[in-house]
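Residue numbers (our numbering), protein chains in the order written: chain D, 1 to 30; chain W, 1001 to 1507.
In case anyone wonders, no lab produced these hints; they're calculated from the structure.
Quick caveat: nothing in here was measured; it's all calculated off a predicted structure.
A hint or two may mislead.
Straight line, CA to CA, 27 Å or less: simulated DSS-like cross-link-like pairs of lysine-lysine [stated by the list, open to error]:
hint	chain 1	residue 1	chain 2	residue 2
1	W	K1389	W	K1457
2	D	K29	W	K1174
3	D	K29	W	K1389
4	W	K1251	D	K29
5	D	K29	W	K1253
6	W	K1007	W	K1389
7	W	K1412	W	K1291
Among the chain W residues that face chain D by a calculated CB cut under 10 Å, a handful are [unchecked claim]:
hint	residue
8	M1018
9	Y1036
10	E1040
11	L1051
12	A1210
13	G1230
14	A1266
15	G1275
16	D1461
17	R1469
Far from chain D by the CB rule (all over 12 Å, computed), these chain W residues [what the hints assert, rightly or not]:
hint	residue
18	I1048
19	I1059
20	V1121
21	L1154
C-beta atoms are modelled at their ideal positions from N, C-alpha and C, and glycine is treated no differently.
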Amino acid sequence: MSTAAIIMMLIMIVIIWGGFIVSILRLPKE
Amino acid sequence: MSDSQTKRETFASRRAFMFAAIGSAVGLGNIWRFPYIAYENGGGAFIIPYLIALLTAGIPLLFLDYAIGHRYRGSPPLAFRRIARWMEPFGWWNVLANVIICIYYAVIIGWAASYTYYSLVGAWGADPQTFFFKDYLQMADGVDVGFSFVGKVLGPLIGVWLFTLLILSLGVQKGVARASSFFMPLLVAMFLVMVVIALTLPGAAKGLDALFTPDWSKLSNPSVWVAAYGQIFFSLSICFGIMITYSSYLKPKTDLSSTGLVVGFANCSFEVLAGIGVFAALGFMAMAAGKEVSEVASSGIGLAFIAFPTIINQAPFGPLIGLLFFGSLVFAGVTSMISIVEVIIAAVQDKLRFGRITATFIVCLPMAVVSALLFGTTTGLPVLDVMDKFINTYGIVAAGFLYVFALIVARKLPILRNHINAVSSFKIGVVWYVFVAATVGMLGYMLFQDTQTLLAKNYEDYPDWFLNRFGWGMAVSLIVVSLLLSLLPWRMESKFNPDAVHKGDHS
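Given these sequences and hints, build the entire structure.
In structure tokens, the structure reads:
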């Protein structure tokens, strides 16, 4: 894999999956 | 408290709702559409329009749908009627679009179910394309509508409808929520295993390289941005009426915006996972055939029923990959199918005050019959293709464009924003109005562009009579029938009107 592809894959994973994890952690108690 | 509030079913918890909403959003498109859209529209660079579309259109419209359903506590026709009587046809337009979608969606889930089994026995032999079109679908030559049934297609199709009927007859919590809470974790686990296996295949890096290498020049092309907005729009099930219906089953004090963020990001997380798995497998396929990834990359039916069987034929653990891939398609499809049919059942229940089981049978049985007559035959595929194209444009995009525009014109956005902020910890600012208005512009552009293309040339070169019947005719009928349905009287209509009760008090 090229360096550019690896970097873009990591950016996509960090932003999207990171956003998912943060949104779960920020959920207030029901 | 009004009658409608006390009797309406509810999800037992926010968690149950989230599983149902994520189950609805994660569908076939996440697995077989997103990877190719990302690859075709800039690869790694696609993250920019994709993220912007998610944050400026996907999540704002998700909030809008949640607010409509939660505040007005009804299926789309009832919720829109409670906003303003003249808006009721928009709700029926949503409902009828779901009728069309579920009658063809069921047959695709049936194909995937068949292929889950075929993966284990390698039923397609050395030529998956011939097997799919000739042996499995037994496609008739030319475009026609006939009633030569194909047992291998009809059987699973009926099975899908019976399963849907069973789940939905159990109700919102015992049926919809429980099924989603079971199938969604199972889907994620199965797909994760499939991705891990795909990543170990020789050539996987070549596939990922093709998917993620950024082509920044593509970002100056407007069609790439339209593709990103289209992907987010269809993938999140916004403007389908599904999220309006599901949020109407939430308890009054439920955090809408925080929940919406989880659902939005969960859906996109699954798409990224699907992209990695699908392109790792396509990289293997390209390497095994001595070709470039661009020569084997595909989407939709071609990816699932032709490319993947080819990969399964050649890969180590091929039958296991097939079981996990097609099983994932079935589970992703079933949870979405349940949400699509639920919109129709909820509307029938609201309008006619039928009980759950009666409404489920009244809705599911006729649709299952139509589904079997149109798609359980040798002539189903072209009908499916045309209906899918026209319903997405004139059932979803057009309805979404008009109802969001109508809400702006009727000055209902401030009420809905206040409602979200009154129940949510994550407060939305006035920038939400800008995003919603901008999304209307994008939907209008998509509608205009699609209409221009469809008018310039017969879609996929289908004959006029065929397009006039299943494309244009179907699209116009949807609007006419929506207007007629909104003229029918409501049975025991409740006087619930949140705008009157809470006028000037949204705290």
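Against the structure, the hints:
A threshold of 27 Å between alpha carbons decides the hint, and for K1389 of chain W with K1457 of chain W the separation of about 14 Å falls inside it, so the pair holds. With a CA separation close to 23 Å, the supplied pair K29 of chain D and K1174 of chain W stays within the 27 Å bound. Between K29 of chain D and K1389 of chain W the alpha-carbon distance is near 42 Å, which puts this suggested pair outside the 27 Å criterion. Distance restraint check for K1251 of chain W and K29 of chain D: the Cα-Cα separation of roughly 14 Å lies within the 27 Å cut-off, and the hinted pair is therefore satisfied.
Note on K29 of chain D and K1253 of chain W: the hinted pairing holds, with a Cα-Cα distance of about 12 Å set against a maximum of 27 Å. With a C-alpha separation of about 38 Å, the suggested pairing of K1007 of chain W with K1389 of chain W is violated against the 27 Å cut-off. Only pairs whose Cα atoms come within 27 Å are accepted, and K1412 of chain W paired with K1291 of chain W is rejected, the gap being roughly 55 Å. With 10 Å as the threshold, the beta carbon of M1018 of chain W comes within range of chain D, its nearest partner Cβ sitting at about 9 Å, so the hint holds.
For Y1036 of chain W, the interface hint is violated, the least distance from its beta-carbon to any beta-carbon of chain D being 16 Å, above 10 Å. For E1040 of chain W, the suggested interface contact is broken, since its CB lies about 15 Å from the closest CB of chain D, more than 10 Å. Here the hint on L1051 of chain W is kept, as its CB sits about 6 Å from the closest CB of chain D, short of 10 Å. Nearest Cβ of chain D to the Cβ of A1210 of chain W: about 8 Å, under the 10 Å cut. The hint holds.
Look at G1230 of chain W: its Cβ only gets to about 18 Å from chain D, farther than 10 Å, so that hint breaks. Look at A1266 of chain W: its Cβ gets to within about 6 Å of chain D, closer than 10 Å, so that hint holds up. For G1275 of chain W, the interface hint holds, since its Cβ comes within 10 Å of a Cβ in chain D; the closest pair sits about 8 Å apart. Below 10 Å, beta-carbon pairs count as interface contacts, and D1461 of chain W has none with chain D, the closest being about 37 Å; its hint is therefore violated.
Of the supplied interface hints, the one on R1469 of chain W is violated, with its beta-carbon coming no nearer than about 41 Å to a beta-carbon of chain D, more than 10 Å. The non-interface label for I1048 of chain W is inconsistent with chain D: the shortest C-beta to C-beta separation is roughly 10 Å, within 12 Å. At roughly 10 Å, the least C-beta separation between I1059 of chain W and chain D is not larger than 12 Å, which violates its mark as non-interface. Distance to chain D confirms V1121 of chain W as a non-interface residue, since its nearest Cβ pair spans about 35 Å, more than 12 Å.
Remark: the non-interface label on L1154 of chain W is consistent with the geometry, its nearest Cβ contact in chain D lying 39 Å away (cut-off 12 Å).
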